[in-house]
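Quick note on our numbering: the sequence shown kicks off at 49 and runs consecutively.
Honestly, the hints are just simulated from the structure, not real lab data. Just so it is clear, the structure is predicted and the values come from calculations on it, not from any experiment. Even glycine gets a Cβ: it sits at the ideal position worked out from N, Cα and C. A couple of the hints might just be wrong.
Claimed, not checked - Subject to a maximum C-alpha distance of 27 Å in a straight line, what follows is the list of computed DSS-like cross-link-like pairs (lysine-lysine):
id : residue 1 : residue 2
1  : LYS101    : LYS119
2  : LYS108    : LYS98
3  : LYS119    : LYS80
4  : LYS99     : LYS122
5  : LYS122    : LYS108
6  : LYS119    : LYS99
7  : LYS80     : LYS101
8  : LYS87     : LYS98
9  : LYS122    : LYS80
10 : LYS99     : LYS87
11 : LYS122    : LYS98
What the hints assert, rightly or not - Label-pair ranges, simulated between beta-carbon atoms:
id : residue 1 : residue 2 : range
12 : ASP56     : GLU77     : 12 to 20 Å
13 : ILE68     : GLY106    : 21 to 29 Å
14 : LYS108    : GLU75     : 22 to 30 Å
15 : GLU76     : ASP56     : 33 to 41 Å
16 : ASP56     : TRP91     : 17 to 25 Å
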Amino acid sequence: MAEAGGFDVIVNNAGIAPQILLEDITEEEVDKIFNVNYKGVLWGTQAAAKKFKELGHGGKIINATSQAGIKGNKGIPLYSSPKFAVRGLTQVTARDLADDGITVNAYAPGIVKTPLMKGLAEELAENAGKPAEVGLGAVHQGHFLGTPFRV
Numbered sequence: 049m050a051e052a053g054g055f056d057v058i059v060n061n062a063g064i065a066p067q068i069l070l071e072d073i074t075e076e077e078v079d080k081i082f083n084v085n086y087k088g089v090l091w092g093t094q095a096a097a098k099k100f101k102e103l104g105h106g107g108k109i110i111n112a113t114s115q116a117g118i119k120g121n122k123g124i125p126l127y128s129s130p131k132f133a134v135r136g137l138t139q140v141t142a143r144d145l146a147d148d149g150i151t152v153n154a155y156a157p158g159i160v161k162t163p164l165m166k167g168l169a170e171e172l173a174e175n176a177g178k179p180a181e182v183g184l185g186a187v188h189q190g191h192f193l194g195t196p197f198r199v
């Protein structure tokens, strides 16, 4: 940490997005998805909070949730549920850690055209960044399909 100049921020950003209908969900799949999409954020938040306190300064914790964790998306209950949980965890830990100078926030992207999203809303991913999709984003900013690019 000293070589990197210290530790003041962590971004908890990991996730898997299975397309499993409610009636097809198994306990093994629940465990796998919650381990990655919720527990990864929980343990990352806990470790960062402990380290910030040990170092004697505040810090910033940023958690990745999803639009699916705000409004719930049809057909992906096993993805949406832990993202709702991340949102709740973020709100509670923000209050719990505020007096220590530690801020906890979340960001909630919509679908981003990455290999993870292959097969999920494929027709939406195909329109990412095209004029019609950009126009829809301007009209309805609550849902915008992102397109990652390397700089």
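Cross-check of the supplied hints:
1. LYS101 / LYS119: violated, 34 Å
2. LYS108 / LYS98: Measuring from Cα to Cα gives roughly 12 Å; hence the hint holds.
3. LYS119 / LYS80: At roughly 22 Å apart (the allowed maximum being 27 Å), LYS80 and LYS119 satisfy the hint.
4. LYS99 / LYS122: Since the Cα atoms of LYS99 and LYS122 sit roughly 38 Å apart, the hinted pair is violated (cutoff 27 Å).
5. LYS122 / LYS108: violated, 32 Å
6. LYS119 / LYS99: violated, 33 Å
7. LYS80 / LYS101: violated, 30 Å
8. LYS87 / LYS98: holds, 16 Å
9. LYS122 / LYS80: Since the Cα atoms of LYS122 and LYS80 sit roughly 20 Å apart, the hinted pair holds (cutoff 27 Å).
10. LYS99 / LYS87: holds, 18 Å
11. LYS122 / LYS98: Status violated; Cα separation ~37 Å.
12. ASP56 / GLU77: 12 to 20 Å: For ASP56 and GLU77 the Cβ distance comes to about 36 Å; the hint is violated.
13. ILE68 / GLY106: 21 to 29 Å: With Cβ atoms ~40 Å apart, the hint is violated.
14. LYS108 / GLU75: 22 to 30 Å: violated, 35 Å
15. GLU76 / ASP56: 33 to 41 Å: Holds: the Cβ-Cβ distance is about 38 Å, inside 33 to 41 Å.
16. ASP56 / TRP91: 17 to 25 Å: holds, 19 Å
Violated hints, listed in ascending order, are 1, 4, 5, 6, 7, 11, 12, 13 and 14; each of the other numbered hints is respected by the structure.
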